[in-house]
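**Q** Here the protein sequences come in this chain order: A and B. For the first sequence, the numbering used here assigns the number 1 to the initial residue and increments by one for each residue that follows. For the second sequence, the numbering used here assigns the number 1 to the initial residue and increments by one for each residue that follows.
Keep in mind that a hint or two might mislead.
[Stated by the list, open to error] Derived lysine to aspartate or glutamate pairs resembling DMTMM-like cross-links, with alpha carbons at most 25 Å apart:
#, chain 1, residue 1, chain 2, residue 2
1, A, K175, A, E264
2, B, K105, B, E92
3, B, K105, B, D89
4, A, K175, B, D28
5, A, K175, B, E80
6, A, K175, B, E92
7, A, K175, B, E32
8, A, K175, B, D89
9, A, K175, A, D86
10, A, K175, A, E87
Hints listed in this document are in silico derivations from the structure and should not be mistaken for laboratory results.
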Amino acid sequence: MSLRSTARAVPQLLRTGLAETVAYRAEFVVWMLTTTLPLVMLGLWTSVAADGEFRGYSSPDFVAYYLAALIVRNLTGSWVVWQINDEIRRGILAMRLLRPVHPFVAYAASHVAAVPLRGLIALPVTVILLATTARDSLTHDPLQIALILPSLAGAWLLTFAFLFGLGCLAFFIDKSMALLDVYFGVFAVLSGYLIPLSMLPSWLPTVARWLPFRFMLSAPVEVITGRELGAGGAAQLVALQWGYAALILALALALWRAGVRRFEAVGG
Amino acid sequence: MTAALRYPRLLALQLRVSLTTAMQYRADFVVEGLMSVYWVSWNLLPLLILYADRPSVAGWDFPSALVVIGWFVVLRGILEGAINPSLVDIVERIRTGAFDYVLLKPADSQFLISTARFAPWRIIDVIGGFVILVIAFARLGRTPAVGDLAAGGLLMLAAVIVMYALWVGVVAASFWVVRLDNLTYLLGALFDTARWPVQVFRGAWRFLFTFVLPMALMTTYPAMALLGRIDVTTALACVAGALALAIGARLLWIGAVRNYTSASS
Chain A
1 MSLRSTARAV PQLLRTGLAE TVAYRAEFVV WMLTTTLPLV MLGLWTSVAA
51 DGEFRGYSSP DFVAYYLAAL IVRNLTGSWV VWQINDEIRR GILAMRLLRP
101 VHPFVAYAAS HVAAVPLRGL IALPVTVILL ATTARDSLTH DPLQIALILP
151 SLAGAWLLTF AFLFGLGCLA FFIDKSMALL DVYFGVFAVL SGYLIPLSML
201 PSWLPTVARW LPFRFMLSAP VEVITGRELG AGGAAQLVAL QWGYAALILA
251 LALALWRAGV RRFEAVGG
Chain B
1 MTAALRYPRL LALQLRVSLT TAMQYRADFV VEGLMSVYWV SWNLLPLLIL
51 YADRPSVAGW DFPSALVVIG WFVVLRGILE GAINPSLVDI VERIRTGAFD
101 YVLLKPADSQ FLISTARFAP WRIIDVIGGF VILVIAFARL GRTPAVGDLA
151 AGGLLMLAAV IVMYALWVGV VAASFWVVRL DNLTYLLGAL FDTARWPVQV
201 FRGAWRFLFT FVLPMALMTT YPAMALLGRI DVTTALACVA GALALAIGAR
251 LLWIGAVRNY TSASS
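Using the sequences and the hints given, assemble the complete structure.
**A** Written as structure tokens, this is what we have:
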């Protein structure tokens, strides 16, 4: 499993992933359409803001926030927990372990391959809407704009590594899919997916600022909308985000190593 | 045995099977109960934040909005406890041809499919939703009038019928487009819009959620009836809409089954 053989395998893994995504395009689009939460929240808050600003957020601010959240969520979406669970349960994982590529790389490649198509579907409409209705609520700082891409990549890596680790728990407990629900519930509140973090009650915003969930969604959204941030703040945010990503990645890989040792292939 | 007796007995039997299964995982009761409480507070969080600063939104004050969300929680409990569990694996059965076994049984296929599986622990959500309704009326400082209660009950029944009809309709559609097995997930995601009163949405969205995807029929109108804010014509239109959807879903199902050509060898 040398670095060179992995590097050689990655382009083909990406091509396979892309082919899979294209083959299942109908399901793919339907899955993306199930990301309705930001739009539901958008409906509520724009209606609220129509009667005047709400805690500093005007109607276009809310549009900018939730459309950015929609973009981030769609680009960082991951089904790796489901994948790992399924493959452990059915024993297919044994086949994956035989291949001379670390499964993390293989899973990651199939996810990365889906990103272009996800972008193709999610971006045009949302970007046009952002540019036409929420222009003034977006950042205009060129340095900060340059940081959007790194922050998106960091959010993707952090989310993927976290969920990969969550998937690895299937090695240890039977009903780890139920954990995905718990994860989503916590993530939605503490990442700013449900409501902007600053609007959370009492001590929650302070806690949320330092937990990893913020860097999965809120961080890129903050960079895009540029609220109270500036280029320096954005750079700090992205640096912290990548630090978290590295940390979680290391933990997830350790969990994988410990889990694989316990793995007994079921079935043939 | 006459049909009138046979179907209730069949239903009782199917329910018992689901209950026995659920009883094997008694520990789940605690976990699911805690999760329910968490999700209910999760759903309430935006409203709590919102009404901390504002007395009303789109004509809805906090207790009235609580009525909508309480009923939403109940409906969601019914959806995940009694509708989704049965329907979710039917697409797989159509694809593999296992649906044949359902057709072979001497009972109505739609009935058998719809009652195939229940998730009894979801009763926690239903109870939780009714608790929210009680809290909402306690905050309003009154009990609903008898007439409003009757109208509300009727529209709630209509809401359940609308929901069931929509889901059966989507499943029936999967006889033709087998690949789209995640359409029920999409419907579930759209159902999330029903947690706010429909008046919150504007223009095209409100039209969409009232007439194209009848989310308003499912939560807003039953809540308005309970609050005594609905006029007779709207209420009657809701009931008529529910009946029309139910008949449409039934026809779609019959057509779908007739169109079914087994996939097995």
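**Q** Decide, hint by hint, whether the structure agrees.
**A** Structure-based check of each hint:
1. A:K175 / A:E264: Distance ~17 Å between A:K175 and A:E264 Cα, so the pair holds.
2. B:K105 / B:E92: Holds. B:K105 to B:E92 sits at ~19 Å (cutoff 25 Å).
3. B:K105 / B:D89: Holds. B:K105 to B:D89 sits at ~18 Å (cutoff 25 Å).
4. A:K175 / B:D28: 11 Å, holds
5. A:K175 / B:E80: Roughly 18 Å separates the two Cα atoms, so the pair holds.
6. A:K175 / B:E92: 22 Å, holds
7. A:K175 / B:E32: 13 Å, holds
8. A:K175 / B:D89: 19 Å, holds
9. A:K175 / A:D86: 12 Å, holds
10. A:K175 / A:E87: 14 Å, holds
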